Structure formats: C-alpha cells, structure tokens
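Undergrad: With the hints as extra help, turn the sequences into a complete structure.
There are 2 protein chains.
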Amino acid sequence: MHIPHGFRFAGVHAGIKKQAQKEDFTLVHCPAGATAAGVYTQNLVFAAPVAFDRARTPASDIRVVAVNSGNANACTGERGTSDAHQMARLAAAAVGAQESQALVMSTGVIGVYLPMDKIAAGATSAAAKLGDDEAAFLSAARGILTTDKGIKVASRTLTIGGREIRLAGMCKGAGMIGPNMATMLGVVTTDAALSPDAAQSALTAAVEESFNCISVEGHMSTNDTVLLLASGAGKPLTTHHSPLTGPDLVTFQIALNELCIELAKQIPDDGEGASHLITIHVQGTKTKDDARRIAQTVANSALVKTAVAGADPNWGRIVSAAGYAGVPFDPAGVDLVVNGHKLYERGAPVPFDARTVSAAIKASRETTIELAFREGTAAIRFWTSDLNVDYVRFNADYTT
Amino acid sequence: MHIPHGFRFAGVHAGIKKQAQKEDFTLVHCPAGATAAGVYTQNLVFAAPVAFDRARTPASDIRVVAVNSGNANACTGERGTSDAHQMARLAAAAVGAQESQALVMSTGVIGVYLPMDKIAAGATSAAAKLGDDEAAFLSAARGILTTDKGIKVASRTLTIGGREIRLAGMCKGAGMIGPNMATMLGVVTTDAALSPDAAQSALTAAVEESFNCISVEGHMSTNDTVLLLASGAGKPLTTHHSPLTGPDLVTFQIALNELCIELAKQIPDDGEGASHLITIHVQGTKTKDDARRIAQTVANSALVKTAVAGADPNWGRIVSAAGYAGVPFDPAGVDLVVNGHKLYERGAPVPFDARTVSAAIKASRETTIELAFREGTAAIRFWTSDLNVDYVRFNADYTT
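Residue numbers (our numbering), protein chains in the order written: chain A, 20 to 419; chain B, 20 to 419.
Rather than coming from a laboratory, the hints here were simulated on the basis of the structure.
Note that the structure is predicted; figures quoted are calculated from it, not measured.
For each residue, glycine too, the CB sits at the ideal point set by N, CA and C.
It is possible that part of the hints are untrue.
[What the hints assert, rightly or not] Computed footprint of chain B on chain A, listed as stretches where at least three residues anywhere in the stretch have a Cβ under 8 Å from a Cβ of chain B:
#1 58–71
#2 312–325
#3 332–339
#4 344–352
TA: Structure follows, in structure tokens:
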C-alpha cells in the first residue's frame with residue numbers, strides 16, 4: 020500500500036476491549052492540518068461522537084482523529100457528550116494540537132460510559148508510536164475493529180495534473196452484531212488538496228455509491244461515520260492553496276468512489292457467518308432512489324438471504340420483495356438474472372434448470388442478482404450478505 | 020366453536036399438494052348469499068386471485084369462496100387470470116351459483132400454473148361434502164394451510180339487539196417460507212347482517228388492528244387476502260334488509276377486532292421455528308401510523324429477533340431500531356420495558372439485573388416489549404416471532 024503523504028498513524032491496546040493485546044485505540048495525525056469531511060448515521064438515536072464530528076465538519080484544519088473500539092459512547096446522555104469532548108482534548112494534546120482541530124469516533128458497547136483513564140492512556144501511547152509507513156497504517160486499521168474477522172483497507176495511487184495523488188482508507192463493520200455491538204466506521208486519507216466544500220461533496224457522492232449501498236441486516240447503527248481527510252501534501256508538494264477543481268476533481272472523485280466501494284464491499288463480505296457476498300444490480304428504474312429502495316428491500320429480505328445461503332434459485336422471493344419496496348413499476352416489465360441465468364422475463368417465469376443454477380450459487384462465494392425494470396434509465400449496485408445458521412448463532416447465543 | 024348460521028364448509032384433498040390425504044381445496048358456501056368484503060396485499064406483484072377478488076368486493080350476494088393451497092397462481096400472467104376465472108366458474112357451478120357470485124383464493128408455490136383438472140375435481144368433491152357443523156368448518160380450515168403447523172381458528176358469540184350473532188374465522192400463514200411458499204389468507208364468517216359498505220369498513224378497521232400488525236420476517240406476499248362474509252342469517256332470523264347500524268355496528272366491530280387479533284397472533288406464534296411470540300406495544304407517538312412504523316421496524320430487526328431468541332435483554336438493539344424507523348421523536352423521551360422490567364427511561368439506561376431479565380425472557384413463550392415515547396397519545400400493538408437457528412434452517416436448507 021502507498022500511504023498518502025502528510026499523515027501519521029498508530030493503533031495501540033488501551034485496555035478498552037477485554038482481549039489483551041488487541042488494538043482498541045487509533046490516532047490519525049495530520050501534522051500540517053487536513054481538510055475534513057464527514058457523513059454520518061441518519062439514526063435519530065445517534066452517539067455523542069457523531070454529534071461532535073457532525074457539528075465541525077466540513078473543516079479546513081483538522082490535525083487529529085481519535086478512534087476507540089470496545090465502547091460506542093452511545094445512549095450515554097450528557098456525560099457522553101462531555102466524554103467525547105474530553106477525548107478530543109486528550110488526543111489533540113497528545114499531538115500538540117487544539118481541541119478544535121480534533122475529531123473523534125467510537126464503536127462498541129452501547130450504554131456504557133467511556134473509560135476516560137484508558138482513553139487518556141491510549142492517546143499518550145498512540146502519539147508515541149505514530150508512523151507514516153504501511154505498518155503504522157495497518158495498526159491503525161486494527162485499532163478500529165470490533166467483531167470484524169480482519170482489517171478492511173484499500174488504496175489507490177493516481178496522477179492528477181502531473182502529480183502523484185494517493186488515497187488510503189480503512190473501515191470496520193460486520194453487521195450490527197454481538198452483544199450491543201454496533202456500527203460501520205471509515206476513514207479515508209488522501210494527499211490531494213481539497214477545499215472543505217469539495218471534500219464534503221466528494222465524500223457524500225462516494226458514500227452514496229458505496230457505504231449507503233450495503234446492508235448486512237438492515238439495522239442502522241447509532242455511530243456510523245465515514246470521514247475524508249485531505250492533507251494536500253501530494254508530491255511534488257502542493258499546498259492547501261491549490262485545491263483540485265474541474266476535471267481534476269472529477270478524476271479524484273472517480274478514484275474515491277472506487278476506493279469506497281472496495282472498502283464497503285468488505286463489510287457484507289465479512290457479515291457474521293456470511294457464506295455469500297450478494298451483489299444486487301437494479302436497473303431501468305425512473306430514479307436512482309427508486310433503484311436503491313428496491314435493491315435495499317431485496318437485500319433486507321430474510322427470505323432472499325436464506326435462499327442464497329441454501330443455494331436456492333428462488334426467484335419468487337426476489338420478485339415479490341421488489342414488489343413491496345414502495346416503488347411503482349409495471350410487474351409485466353421485470354426481468355431477473357441470477358449468476359448469469361435468466362429466471363424471469365417481462366413478468367413471467369423462464370424455464371430453467373434449477374439444479375444448474377443452484378450449483379452455480381453454491382460454487383461461488385459471490386452471488387449476483389440482476390433485476391431489470393422498464394421504467395427508466397437509473398441503476399444502482401448494492402451489496403449484502405446471505406443469512407445462515409451461523410449468523411443467528413452468533414447473534415442469539417449470547418446470554419447475559 | 021359455534022359456527023355462524025347460513026354457511027356450509029368443506030375441505031378436501033384434491034391432489035394439488037404432494038402429500039396424500041392433506042386437504043388442499045376448501046369451499047365456503049353461503050346458499051342464500053352473503054355480503055362480502057376484502058382486504059388485500061399491497062404488493063405490486065399480486066396474484067391473479069387477488070386481482071379477481073379485489074375487483075368484485077365489497078359485494079352483496081356472494082355464494083361461494085373457493086380456496087386452494089399448494090399453488091399460489093402468482094406470477095402466472097394472463098393464463099393465471101384466466102385460471103382464476105375458471106376456478107370461480109367451477110366452484111359456482113358445483114354449488115349451483117353464478118360465476119359472478121364466487122370469490123377465489125390461492126396459496127402455495129409461485130410461478131406454476133394452477134392444475135385446473137385438480138381444481139375441478141376438488142370443487143366437485145368439496146361441494147358433495149359441505150356441512151354446517153364444526154367438523155366441516157375445521158376441515159375447511161385445514162384445506163387452506165401450507166407450511167402451518169396446525170389450523171388457526173377463532174370464534175365469538177355475542178348478542179346484538181336481542182339476537183345471537185356468531186363469528187367464526189380461519190386463517191393460515193407462518194411466514195413467507197419454504198420453497199416459493201407464500202401468504203397469509205383469512206376468512207371470517209358471521210351471521211350478522213351487514214351492508215357491503217359497513218362490511219368493508221369493519222373489515223378494513225379490524226385488519227388495521229390485527230393482520231396489519233403482524234410480521235414474521237417482513238416479507239409482504241403476493242397473495243395476502245382477508246375476506247369477511249356476512250350471511251345475515253343470525254337467529255332469530257334477520258334479513259338482508261336490516262343490516263347493523265349505529266351502536267350495534269360498534270358492538271360487532273369490537274367483536275370482529277378481537278377475533279381478528281386472536282387469529283392474527285397465531286401466525287407469528289407459528290412463525291417457522293419460532294420459540295417466542297413477541298408483542299411490541301408502542302405508545303405515546305403523535306399518530307397511530309407513527310406507532311405502527313416504529314413497531315414494524317423493531318419487529319423486522321433481525322438483531323432484536325435474534326436477541327429475544329437468545330434471551331438477551333439487549334435494549335440497545337430495540338432503541339436503535341426505533342431510531343431508524345423514519346419517525347421523528349425526541350430520543351431523550353424514550354422508555355423501554357421488557358417483560359415488565361424497565362431497562363431504559365427518558366433516553367438513558369436504567370441499571371437492571373441482566374440475569375433476571377434474561378431468565379424472564381427464557382421462561383416464557385411470550386415476550387413483551389413496551390416502547391413509550393413522549394410525542395402524543397397514539398399507540399399500537401404489534402406481534403412478531405423471534406429469529407432462531409431453526410428458522411434459517413427451514414428457509415435455507417431446501418435445495419432445488
């Protein structure tokens with residue numbers, strides 16, 4: 020991985036997670052300051068760090084992002100708000116910045132107050148270990164994990180106007196799973212120079228195509244946050260005074276979208292117990308929002324997800340899920356293709372060999388569902404995981 | 020059970036289901052005609068029998084309802100439409116009525132044409148077995164089942180204006196489960212006299228409180244149908260010319276609501292593999308629709324359902340599900356009580372003994388979740404089943 024210039028990273032074990040040695044506190048440090056943008060959960064019940072970051076992004080001079088795992092600081096009332104501020108102060112102090120230059124993220128148990136002594140110790144020890152190499156980046160990526168099986172990272176290097184521009188991102192999330200566990204978090208760093216408004220627009224657009232197109236079980240968390248940090252330190256040195264515009268910004272946007280999609284897909288692929296990553300491609304709707312609603316309804320259908328887990332080419336479940344998405348369409352104009360096999364065309368079943376299609380689903384970790392309508396030209400891709408016995412075991416067999 | 024006057028019932032094995040001996044064809048016959056009302060699926064992908072019945076209810080002189088299980092006649096195009104008409108003709112002919120006096124319902128496999136020879140044979144043999152006693156009613160209740168573990172029936176007897184009025188209903192549904200299986204169906208018969216408009220209003224209101232307040236996995240089927248048939252034959256004999264009005268109609272409505280709730284709750288209680296029937300009581304919202312949206316979102320959360328299966332008093336999952344229901348509320352005004360134990364009050368966690376609450380969930384088949392808001396005075400009760408390993412097995416381990 021090529022790590023963007025202008026950042027330092029560290030992930031340390033601060034003792035917030037019970038498991039010894041596991042990293043649970045991460046710092047992303049931008050010594051010369053970074054443009055920052057954020058996209059947040061739309062859940063009405065949102066955590067203190069979400070409120071904190073939402074109030075100060077987009078911003079032009081963020082120096083540090085502190086992330087803890089093991090505790091979400093959610094449903095913690097006024098004390099939670101004050102703890103989020105204190106976490107920002109501690110992180111800023113550890114790197115010699117101001118509290119106003121810090122952002123914070125938390126993920127883990129809901130309804131428990133942050134252990135501020137451990138947060139303070141984590142800030143100090145992480146600041147001492149900051150590094151700008153891949154190893155440092157990967158330790159930071161580990162520090163944000165909760166029930167994830169492994170780190171989720173992606174990077175891109177591209178040339179814009181003769182300059183090398185790097186992007187590197189990390190995220191976490193494997194469904195809102197486990198005892199009170201929650202949340203998708205993401206941090207994308209880049210050494211492109213971006214104005215705060217451009218950064219916010221670019222991130223919002225990228226999230227629409229990526230993190231807003233995934234679902235494990237449709238449960239929107241209290242803490243979901245994606246941040247974009249742009250240092251403007253790409254080589255040869257650019258400055259904060261020449262942010263990307265016009266076609267250069269478009270080139271950056273395309274790379275950012277690809278990076279975010281690569282990150283986002285890793286979440287349902289790691290969906291607890293998932294045996295299939297399901298891609299749902301909806302096309303031919305009037306609007307993109309229509310396509311998203313249909314894809315999301317199919318993605319959240321337990322019947323569709325169990326059918327994929329069982330390698331059952333059960334087109335009735337898919338078509339009928341589309342029918343209750345709340346999007347008007349002509350049922351006689353619907354086509355369905357699963358893993359390349361056409362099962363349904365213009366609203367009527369197509370004879371197919373069920374054994375062949377079942378074998379195709381069973382043989383591949385990835386299942387592709389293509390639903391085509393004849394209403395317009397909008398389209399979307401959406402990703403989810405299947406639903407099998409292991410998922411339920413994981414989520415039910417916790418006893419307090 | 021007291022069976023309403025003016026009806027005859029039969030359920031027979033016509034060979035539509037593969038299992039020998041299992042009833043799969045039902046007739047409900049009203050020799051002197053009945054007022055009929057219907058409430059139907061809102062799925063855009065609706066089956067031929069739904070289109071057929073929807074076009075002719077409310078109606079004043081329905082003589083026969085024919086129901087087959089084992090085949091939903093859904094996603095079957097123009098041939099499906101013609102088959103539904105033919106099924107109505109066959110049923111009407113079997114009891115000496117006109118096609119225009121028949122209604123039809125189907126449930127079972129999607130996307131397969133109705134075996135019309137078996138439907139014809141079923142109509143003939145059912146007509147020969149029609150009876151007005153409880154045994155006949157129960158055979159009819161068996162004929163509409165698909166993956167249900169057993170029949171779902173309920174009855175009421177009340178006195179209105181000095182007359183004995185009877186209601187008896189049957190329904191089927193255990194989630195939209197199994198290989199392409201689908202649907203909730205219900206038929207409520209009464210010997211009250213009702214005008215078509217009053218019957219439609221009464222049924223719509225009752226369904227709002229009952230069949231529209233249940234969810235197994237949130238998948239709306241192609242065939243959902245509830246019919247109300249009112250013969251007006253209550254003893255001492257009333258006639259079609261004196262339909263219930265005013266306070267008498269209110270008395271009837273209350274009984275109908277209770278009956279429909281008793282029927283509807285049996286569906287999630289039979290949710291495939293369900294180990295808990297979950298009652299979600301939402302109160303203190305601005306509107307009933309707000310309460311329903313919140314209850315439904317909680318009911319459809321796989322995380323809430325797995326938590327109940329695992330007897331985990333995981334209030335974070337419940338409160339955060341409410342937060343993404345799309346209903347505005349003040350998070351600081353939320354209370355949560357599970358099986359009588361207060362877990363959350365005015366937006367903050369209440370200390371509780373997790374072992375005690377877990378034991379309470381484990382000890383009872385019924386789990387009660389009470390979510391109170393401080394936005395208004397509306398309320399709703401909603402029922403669902405938990406989500407456990409057996410559900411997934413049942414829905415995934417079918418291989419084509």
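Undergrad: Take the hints in turn and mark each one as holding or not.
TA: Okay, the hints, checked on the actual structure:
| no. | hint | verdict |
| --- | --- | --- |
| 1 | 58–71 | holds (count 5) |
| 2 | 312–325 | holds (count 5) |
| 3 | 332–339 | holds (count 7) |
| 4 | 344–352 | holds (count 4) |
Of the numbered hints stated above, none is contradicted by the structure.
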